Structures are given as C-alpha cells and as structure tokens.
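Undergrad: Below, each chain spelled out in residue letters.
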Amino acid sequence: MRKIVKAIDRLNDRVGMGVRWLSVLALGIICVEVFMRYVLNHPTTTLPITAVMTAATMYSCSFGYVHLNRRHIRVDVIYTHLPTAVKLGIDIFCALVFLLPLIGLLAYAGWNWMWFAWETNEKNLFSWWYPIMGPVRTSVFIGFCLFALQGVATLYRDIYSLVRHEEL
Amino acid sequence: MIHINPELVTIAMLGGILFFVMLGYPLAIVVGGMGIVMGIIMFGPNIALEVIYHRVYELLNNYILLAAPGFIFMGIMLGYSGITEKMFAAMYLWLSGFRGGLAIITVLIGTVLAATVGIIGASVTALTIIALPAMIKRGYDKALACGATCAGGTLGILIPPSIMLVIYGPMAAISVGKLFFAAFIPGFVLSGLYCSYIAIRCFFQKELAPPVPVEERAVPWAKKTWDLLVSMLPPLVLILAVLGSIFMGIATPTEAASVGALAATIMAIAYRRFSFLILKDTMTETIKVTGMVLLVGATAYAFVGIFMRGGGGDIVKEIILSAPGGKWGIFAIIMFVVFLLGYFIDWLGILFIIVPIITPVGEALGFDKLWFAMMICVNLQTSFLTPPFAYAIFYLRGAADPSLGVTTGDIIRGVFPFIGLILIGLGLCIAFPQIILWLPGQMITGF
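Sequence order for the protein chains is A and B. FYI, in the numbering used here the residues of the first sequence are 148 to 315. FYI, in the numbering used here the residues of the second sequence are 135 to 581.
Wrong hints could be hidden among the right ones.
[Unchecked claim] Calculated pairs, DSS-like style, for lysine-lysine (alpha carbon to alpha carbon, straight line, at most 27 Å): (1) B:LYS422 <-> A:LYS234; (2) A:LYS150 <-> B:LYS422; (3) A:LYS153 <-> B:LYS422.
In short, the hints are calculated from the structure, not lab data. No experiment lies behind these values; they were computed from the predicted model shown.
Could you put together the complete structure from these sequences and hints?
TA: Below, the structure is given as structure tokens:
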C-alpha cells in the first residue's frame, strides 16, 4: 500500500509538471488567434475553442497536483492551533464525508459522459466548427481520476499517520 | 429522495459549509461534498450527478474564465521581471524627502502594480520585499509601514485587470470588460484616500515617518526625471495595451490577458531576467493557482446549482427582503454581512457562493447591476485586510524579512485605519454613483 501511495504521488507530480505546459499552450493559441484576427484579418473559429479545450484539460488535470501539494484554499485560523491528532481527525472525517462522494461521483459521471460522447459522436455547439467532444470529455475524466486517486492516497496517508504516529 | 423544506436546506447547507470551512478543511471539497450529499438526499443520485457534473464541466470550459490563467501568468512573470525595484528606486528620489513619502510611494507603486497584476499575492509580496525594509530602516512606524504595504498591495485585486472581476462577471452575468472599467475610478479613489491619510497623519505626527536625509537623494533633476520615465514607461505601455484594447472594444478580456502574458514575458526578456527556470516556475505557479481557483469555482458553482434547486435561493431572498429599513436598509445589511464574512471566509468563497445568491436580490431592490456588483467588490477589499483571515496579512508575514522585527500585532494595528478608509470609499461610491458608472459608460462596446 505504501508503494501504491508513493506511486500515486509521483504520478500526480509528473502530470503536474506536464500539464503546466498547457498554460503556455492555451495562452499561445489565443495569441495566435489575436494575430490572425487583427494582423491578418482572418479570424478563426477553431483556435478559441481549441484554447478552451486545452484549458479545461489543464484545470482538471491540475486538481490532483493541487491536492498533492495541499495548495487548497483553507481557512486555517483555528486549524493551525490544533494538535496534530485533531488536525488529522478533521481531515479524515471530512475526507470520508465530503471528499469521497465528490471524487467518486465526479469520476463516475466523467466516465459515463466520456462514453456517451464517443458513442454518440457528440459535437461542440459553440460554433459552426462542430468539433467532437470526446477528447475533452476524456481528458476531463482523466483529470477527475487523477484527483480521485490523489484523494484516496492522501486519505490513506492521513489515516496511517493517525494510527502509527508517523508520516508515511 | 426526501423532501426537505427550503428553510432547512438553507440552514443545513450554508451553516454546514460555514462550520466545516471554519474547522479548516479545504473550501472546495467541503462545498462540493456538501452539494453532492445534499443533492443525493434531496433529488436522488441521478439528478445530483447530472447537475454537479454539468456545472463543473461548464465552468471548466468557460471562455471568459480563461482570462484567469492569463492574468495570473502575467502577474507572476512581471514579478520576476523586476519592475517593482526599478519603480521604487525612481520614485524614492522624488518623494522620500517628504514626511511619510516612502509610505506614499508604497501605495503608488501598489496602484501601478495593481493595473498590471490581477492577484494580491504578487503585489503584496513584491511590496513587502522591496518597500517595507526601506521604510523600517528609515525609522518609519512599523504599523504605518505594514498598513501601507497591505493596503497598497490589496488594490491589486480591485484595479483591473483583476481575477476577482474575471470571476464576478460569469457568476453574475455581467460583462467582465464593463466590470473592469467600473473598478478603475473606485480603485484610484481608494489609492488617493490612502495617500492623503498617510500625508495628513505624518504631517501632524512628526516622529511617525521621518524624511530621508538630503545626501541620500541628491541626484540631478535630469537623471531623476529620466529614471522615473524609464521605470514607469514599460508598465504603462502594458497597462494601456491590455486595458486599452478592452476599453476600445478591440479585444475580449481573455485575448487581452493572453497578449499581456506574452508582453510580460517579453519585458522579462528585455530586462535580462528571463530564463528557462523562471518560465518553468511561472508555469508551475500558474497551474497551482488556477487549479486551486478553478476547483473552488467548479465545486461552488455545482453547490449553488443544488442550493437553488432546493429552494435555498428564494429563502435567502425572502429573508433579506423582509429586513426593515426599506431599500437602503436592506442594502446596508447585505454590505454588513459581506463585510462580516470577510473576517472569516476566503474571498473566493464569498464570490462563488454569495454572489449568485445575492445578485437577484440586488436586482429585485432596483439597484443598478453594475453599481451593486462594484459595491460588493470594493467591500471585498476589506476581506483581505480584516484579521483573523486576511490574505494581505498572511502574504506580508510570509514574505517579510524576520530581521525587520515586524509582529502580527504591528500589521493588524497598521491595517485598521485603512479598513476605515475603504468604508469611506464605499460611502463616496454611494453618494456619487458616477464614480463607478461613468467610465464604463464611455466604453466603445461591451463584451
């Protein structure tokens, strides 16, 4: 189990290091679109949508990375003054009540919608380009899965710390 | 599926998140989890699942919100480009001879930075590293120095481009471009209030902020002017390009953000601060911040969907509208609640959860949508400064050199007068709504 947890950590770290390039890619695509429109006077419908899809992939795949690095927004005014065992208790309780349903259902719904998109050849209706939605539904599903994996790994680590009184 | 009456839904959902968020569990997960759990109880798993997935997916695929990573990238890159040091050095020669001059410089640089960055982390940190040590070494009162740093840096999230406004737009169905220009003059009004306060207070309390000795600023006029021009020009060009293109109706905020990110990178290259390592750092920080913001956004958007369907929105509307005091009494209560929440809750929580719920209330009361939105935004300035939960204070404490000997008590004492000034600013916006509404009315077109 320890190996699996470490492997998930490494996976999400690698993914984070990979998807950070998507930020430059998405912004670059918009810059190209700006150039096409204002300099070449030849606007496209494909580039803005591609940028949005790139960004959606970037956001969803960064959730696991944010969770791994504990970079969530938290109101830790009281939390920081609590003893470690109580902190872990809060984290474990809230993970069971809030995190597990959230990541479970998101991954489940992401899976359903991914298959729906591929099977029905679902199209994006924002423009007359009509690109298929399958790829972005898939990347969003992958992002949710990475987040779910990291959620479970972090929960396991918290439980381990509470029981064994040592970091995993 | 259990039918729960809407009053109970309101109390359970809002009270529940308030409780668990105060315990210290991540906002995004509490909010999302609460939405899912209550959604399943009220409507069964299928509906809850569809509402949540669709709202999360919709937010991730939002074109306007794509401006957020752009402005975040731009702000972080500008931090690396070193413009803050250059501006400080140039203004130092001009204003340090006056009592309180350095504190005024801090606010002024905060204002210029605010027009180039969209997050307060970047501007408060930069001011803490550059301006705060200079003030304290010159014998400035620590509380005043910290207050000016926090308040000046916090302008970063009000004066456009601003992540707060990029998020506010889609949440309240208002054009982000219009919000940008509505925030412009109120931002300058606040900046002016801060500067006047510092000048007046230092004029009467002579020991508070001594002037810098003449030898340290004996530089010929020509050089002084040249330094000022050279240091101010690049950020001003950037501001004009980014905001001007939105104002003239040429570009969407998303396009302006992307081009701004590119321009910031070019500036870093021009200042010879750019390296591959810095690019990687900027990207990492960008995905960390956007991931964190978008996760709160997506889960809160889903939560609000469930909350509204459960009838909570109507209950909140009823409760607020039944308050005494007529239109302005109710308005005062809304503002007071937002102010109070700012003490304890993160601004993103207020933005993503409270704004969709109270926007219809503002409309029902007959307030101008844009004006109402901007009053909330100016009010939210206080949430960065009001302890115990105040980002500006956290960033200052995190970035301040320990050898300066700044205590949390100093920071809190220093920040309180500025909170009062923000409230005065709010009063001005009520008395003269044109402060907010004039500039957006001059825009060529709105997106």
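Undergrad: Checked against the structure, which of the hints given earlier come out wrong?
TA: Hints that this structure does not satisfy do not exist here, as all of them hold.
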